[in-house]
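Trainee: Letter by letter, the chains look like this.
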Amino acid sequence: MNKLCSMREAIAASVKHGSSLVIDGFTHLICFAAGHEIIRQGIQDLTAIRLTPDLVYDQLIEAGAVRKLVFSWAGNPGVGSLHALRRRSEASSSERLELEEYSHFGLLSRLLAASAGLPFWPLSNYQGGDIARVNPSIKTVRCPYTGRELATVPALHPDVAIIHCQRADAEGNAQVWGLLGSQKEVAFAARKVIVVAEEIVPTELIRKDPNRTLVPGIIVSHVVHEPWGCHPSFVQGFHDRDNDFYVKWEDISRQPETYRAWLEEFVYGVKDRRGYLSRLESGLLDKLRAKARVCAGVDYGY
Amino acid sequence: MATETLAPPTASERMAHRAAQELRDGDVTFVGIGLPNLACNLARATHAPGLFMIYESGAVGAIPERLPVSIGDPSLVTDSLAVVGQADIFQCLLQRGLIEVGFLGGAQVDRWGNINTTVIGDYAHPKIRLPGSGGACEIAVHARRLLIVMRMSKRTFVETCDFVTSPGHRVNGRSREELGMPGGGPTRIITDLGVLDFDATGEAVLAEVYPGVTPEQVQQACGWSLRIAPTPRTAPEPDASVLRLLREKLDPKRLYL
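So the protein sequences, as listed, match chains A and B.
Here the first sequence stands for residues 1 to 302, numbered as in my numbering.
Here the second sequence stands for residues 1001 to 1257, numbered as in my numbering.
These are computed hints drawn from the structure, not numbers from a lab.
Among the clues, some could well be false.
[Stated by the list, open to error] Within a straight-line C-alpha distance of at most 35 Å, the following computed DSBU-like cross-link-like pairs (lysine-lysine) qualify:
#1 A:Lys68 to A:Lys139
#2 B:Lys1249 to A:Lys287
#3 B:Lys1154 to A:Lys248
#4 A:Lys248 to B:Lys1249
[Said to hold, decoys possible] What follows is a set of in silico ranges between Cβ atoms, one per label pair, in the way DEER data are often shown:
#5 B:Ala1229 to A:Tyr145: 36 to 46 Å
#6 A:Gly117 to B:Pro1230: 56 to 66 Å
#7 A:Glu100 to B:Gly1097: 21 to 31 Å
#8 A:Ser282 to B:Glu1065: 22 to 32 Å
#9 A:Ser278 to B:Ser1153: 46 to 56 Å
#10 A:Asp45 to B:Ala1229: 50 to 60 Å
#11 A:Asn135 to B:Arg1096: 19 to 29 Å
#12 A:Lys271 to B:His1125: 33 to 43 Å
#13 A:Pro119 to B:Gly1180: 22 to 32 Å
#14 A:Lys271 to B:Asp1239: 55 to 65 Å
#15 A:Ala290 to B:Arg1254: 18 to 28 Å
Just so it is clear, the structure is predicted and the values come from calculations on it, not from any experiment.
Even glycine gets a Cβ: it sits at the ideal position worked out from N, Cα and C.
Using the sequences and the hints, build the whole thing.
Mentor: Structural data, given as structure tokens:
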């Protein structure tokens, strides 16, 4: 079945007021285009879930789209803080964001449970520290075989998962290489999956390299073709991370006024991703484009 | 001679060099961004060419050709031995007990090596919201040896952490053994003034100071009454060849130095 549609259609059909949502990616493959479309559609009251909420989650928070954040590490990696998040979670804040906090392994285990169709997941973690003390969802169980006490976390089924990939076919069979993050677990855990791809390719190409497919089309509801949908994040083999932007963001986001002005110009002020890309400094995309490093082919013969 | 014109080591260079000394050839090491990354790449360029570097983002056996700005830099993927999902990193490598060395830093550390990267102040109404655990909590639980790398001040070396994100040797009076933590816990805290070891009870003891630093100066930068070894050793300082390697090859843009 052909599931190709625009980002606007995919978001409008899937993300509702009050939805729980993951825009996944671990530094790599973070679909900023999807976050910006959610902001433009004025969707609110979201429960935003990700191990590493980053700039696009902070932008969703600043725009007023998020009620609750479920996370394990929130920051601008290697640079600094998420300032909208800090403004809405520190003692001086009047409009507080609800936070539900884990470590990476804890939150990942919630997705593993959901992706495996189990009610919970055990892990050897959280002994003695304060994370389990402030999060009542973390409990313990005694192993019926060894008697060992283990931490447990409950399955987490996001309403919608948005996964960016290098290439997919029109049915949503999605191929990913480079850092895989938790894209697979998130996709299998979610009730609805939107696949966003740099390239839409024929199913025959997917079939020629089946080991590369991370998310099978049978769990995908919408497929969006959005090249450069991840900027300033990166896509291995397509473009580098815009590290300069992450550094500049620290200054842009520190003051609410400059933050709002950025959102006005790059999110509210454009119709879609193409509009966003046209506002970037000229020559930037050429500078970021990946230099080829192609691996020799694999023989799938028998 | 060129050696005479070299500026003396900075605090970061001292720490990266001292941390590198802790790494043995072949150690399977969980590498964090910043100083740990520099320390690992320095060790690999000098005495430990077979250091096996694993990054939380999924790169296994990485040999990055540029200094990664973030833990998920694309240069970590290129030429790695394997790239795996994060579930594999945490379950098959860390929880399975395959990580020999972990590195952590933080906003606060206490005398038992407990680390806070979550909040300053009350958890529900914090003065400062910090990034949180990430993988730090599980690295602290599972790594066989843990190195803590932090600059020393009364604000960071505290009597009691506001929040224990990553457990050290004793948490609320209970030992790692009582709590059932598989990993060995912190072995050293490498600071800009000296190096703290841990005694049999799990308490930090000042064991080394850099040349020109006195134990009294270290105590002044520490928020608890610091135990001091009878005759602290002199911590090794980077020589000219190491400084050149750090400055010219490993971090030419001075991102972390």
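Trainee: Now look at each hint and say whether the structure bears it out.
Mentor: Results for each hint:
1. With a C-alpha separation of about 21 Å, the suggested pair lysine 68 of chain A and lysine 139 of chain A falls inside the 35 Å cut-off, and the hint holds.
2. Annotation: proposed proximity of lysine 1249 of chain B to lysine 287 of chain A holds, straight-line Cα distance about 23 Å (limit 35 Å).
3. Proximity of lysine 1154 of chain B to lysine 248 of chain A is assessed by CA-CA distance (about 31 Å); at most 35 Å being required, the pair is judged to hold.
4. A hinted pair counts as satisfied when its Cα atoms are at most 35 Å apart, and lysine 248 of chain A with lysine 1249 of chain B qualifies at roughly 25 Å.
5. Alanine 1229 of chain B and tyrosine 145 of chain A have their C-beta atoms about 45 Å apart, which keeps the hinted 36 to 46 Å range intact.
6. Between glycine 117 of chain A and proline 1230 of chain B the beta carbon distance is about 60 Å. The supplied range of 56 to 66 Å therefore holds.
7. Glutamate 100 of chain A and glycine 1097 of chain B have their C-beta atoms about 29 Å apart, which keeps the hinted 21 to 31 Å range intact.
8. The beta-carbon spacing between serine 282 of chain A and glutamate 1065 of chain B, approximately 29 Å, falls within the hinted interval of 22 to 32 Å.
9. Between serine 278 of chain A and serine 1153 of chain B the beta carbons are some 47 Å apart, a value that agrees with the proposed interval 46 to 56 Å.
10. In this structure, aspartate 45 of chain A and alanine 1229 of chain B meet the distance hint of 50 to 60 Å, their C-beta atoms being roughly 57 Å apart.
11. With their beta carbons about 25 Å apart, asparagine 135 of chain A and arginine 1096 of chain B fall inside the hinted range of 19 to 29 Å.
12. Remark: the range hint 33 to 43 Å for lysine 271 of chain A to histidine 1125 of chain B is upheld by a beta-carbon distance near 41 Å.
13. At roughly 24 Å, the beta carbons of proline 119 of chain A and glycine 1180 of chain B sit within the given window of 22 to 32 Å.
14. At roughly 59 Å, the beta-carbon separation of lysine 271 of chain A and aspartate 1239 of chain B lies within the given 55 to 65 Å, and the hint holds.
15. Range check, alanine 290 of chain A to arginine 1254 of chain B: Cβ separation about 26 Å, and the 18 to 28 Å hint holds.
Violation of the numbered hints given earlier is absent; every hint is satisfied by the structure.
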